[in-house]
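With chain X fixed as given, assemble chain Y onto it according to the hints.
2 protein chains.
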Amino acid sequence: MLVNGVPGNSISIRDRGLLYGDGVFRTLRAVNGKALHWPLHYLKLQHDCVKLGMTCPDEALLCAELDKVLAQHPDGVVKLIVTRGQSGRGYAPSADAAPTRIWDFSPIPDYPAECATQGIKAHVCSLRLSIQPRLACVKHLNRLENVLAAAELNDAQLHGEQAAEGLLLDAGGYLIEGTRSNLFLVAQGRLVTPDLSRCGVAGIQRGRVMAWALQHGMTLQVRDVELEEALQADEIFIVNSVIGLWPIRELEQRHWSHFPVAAQIRHGLDRQDA
Amino acid sequence: MLVNGVPGNSISIRDRGLLYGDGVFRTLRAVNGKALHWPLHYLKLQHDCVKLGMTCPDEALLCAELDKVLAQHPDGVVKLIVTRGQSGRGYAPSADAAPTRIWDFSPIPDYPAECATQGIKAHVCSLRLSIQPRLACVKHLNRLENVLAAAELNDAQLHGEQAAEGLLLDAGGYLIEGTRSNLFLVAQGRLVTPDLSRCGVAGIQRGRVMAWALQHGMTLQVRDVELEEALQADEIFIVNSVIGLWPIRELEQRHWSHFPVAAQIRHGLDRQDA
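Each protein sequence line maps, in turn, to chains X and Y.
Residues in the first sequence are numbered from 0 upward in steps of one, following numbering that gives the first Met the number 0.
Residues in the second sequence are numbered from 0 upward in steps of one, following numbering that gives the first Met the number 0.
Quick caveat, the hints were computed from the structure, so don't treat them as lab data.
All the given hints hold, so there is nothing to weed out.
Straight-line C-alpha distance at most 27 Å; calculated DSS-like pairs for lysine-lysine: (1) K138(X) / K78(X); (2) K33(Y) / K78(Y); (3) K138(X) / K67(X); (4) K50(Y) / K138(Y); (5) K138(Y) / K50(X); (6) K67(X) / K78(X); (7) K138(X) / K138(Y); (8) K50(Y) / K138(X); (9) K138(Y) / K67(Y).
Predicted model, so just to flag it, every value in this text is computed and none were measured.
Okay, chain X solo, but in the shape it has when bound (with noise of 0.2 Å):
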C-alpha cells in the first residue's frame, strides 16, 4: 500500500475523504504485472476530479506509484483513491489543498467461472438511488446508497435467495445500474444502456462495450430503461473491471438460458485484454 507515494496504510483523520467522502476512485483489474485499461482510468479519473473541481494527480506521478504496486502485486485487484486532501474545518475546499493518493491492493476475488458462463441471478434493491446531475457518473466516495444496497443484497441471500448482484433503480423508477456494475439490455439485435445523467456510476468497463458495439455495427442506445423492459429484454448482463462481464440467467419471475450477444461480447473484450 502506498499513500503519497510512500509505503502505509493510514491516512489523516483530518483527510478530506475521510470527513466528506470528498474525493474520486478507480479498481483496476492487474494481469502479470501489467494493469488494464490504464489510460482509460485515467481519463475517467481527470473527468470525475473535474465534476467535483478537484485537481488531478499528474499523470506519470501516478503511473509511476503503479508501477511500485505492481512490482508488488502483479495480479489481483488494485485500488486508487484520491481525495482532496486536507484542509481547515469546514466544507468549503481550500483551493491550495493538495490532494492525497492512496493506492491499495487485493486478491482476486474467487468467482465461480460459471457466473461468466451461465449467467448470475439479480435481485431488485428496494432502495431507490437518489437523483444528483452534478455527481452523476462520477465514481466518488459517497457511496452510502451502495452500502445499503449490498446490505439489502446481503439479506436477501441470508434468506436463501442466491442473488449475485443487486440491481437499483432511482427515484423516478427506471433501471439504472447494479451496486457494483453497469447493466446492458439486448433487444432485438440492439444495445441498450441506461442512461446515466441523473444518477448512476459510468464505469470504464460500460465504456469499452459502448465503444465494442459501435465498431462491430451494432446499434447502441444510451436512454432511460424500465425494468419491465429489461424483463423482456432478450439478453441482460452486467459489467465491471473485476467482473468483467456476467449474463443475468434470473431476475424477477424471469429466466434466460441463451446469451449469444452476451457471449460475444465477452469474448471481444477478453481479446482486447489478451
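Same frame as chain X, now just chain Y:
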C-alpha cells in the same frame, strides 16, 4: 486526537469511513471542560447509527474518551466521527465490523459577534439537494453536496458577495437548510422549520429550538417551505451547535432589520447553556 481510545491522528486506508463515507459524525461545542448537550448528541448518534444499520459505541466508552479530549482541550469545537470500521472488499457491511471512534478538536472559529446580533447575509445556492428518504435527517459522512454548495458560497464571496451562509433547496424546489445549519422562519407568530423527511440533516440545535417553542407555547410547524415564503417571513434564522443562532438580515432582494423572536430564542438557548 483519539482514535479508538488511543492518542493518534490517522486511520487505516481500509476504513469504511474513507472508502464509502460509511459513518456518522457529531460536532460539539466545549465550554469550560464540558461538552454542551452531550445527552442530545449521543441520542442523535444512536439514531443515526440505527438508520445506517451500524453498531453505536457504548455511551460510557464515548464519555470516557470525551473526558480525555476535554481534559486537554476544555474550550472549542470537538468532533466525533464513528465509522462502520474495517471490513473486506466490497460495499456489503460485515455483521462483525467494529466501529471506529475518532475524536478531533479545533479552536472556536472567530465569528464576528454581529452575526448573532445584527444578522448575516445568506446566499441561495444553485445546487439542489437530492431526495433520499433512507438517509434523510442523518449526519453521515457522505457530504459532497455540502462541499459543492460551500464551494459555490466561496465563489460568491470571491465575487464580492458577503454571504456568511448558503441556503439549499431540494430537487423539488423546497427550502431545506443551510450548508452547515438548520433553518427557521417566524411568520404571524408561528415558528416554521422545513420538513426533513426526504433530505437534509436534523441537527440537535434544531431540536433544541423546536423544544423551546413547545415549552413557550409558540405554535411550531414542520412542513414544506418554499423560498418565496421565507422571503415574506417576519424573521428567518439559522442554527447549529457551533454558531448557536444567527438571524438572516439579507436574502435575495429582501432585507430584515429586527429579529425580536430570534433574539428571544437565542437568549433562551444561551440561558440553558450557562
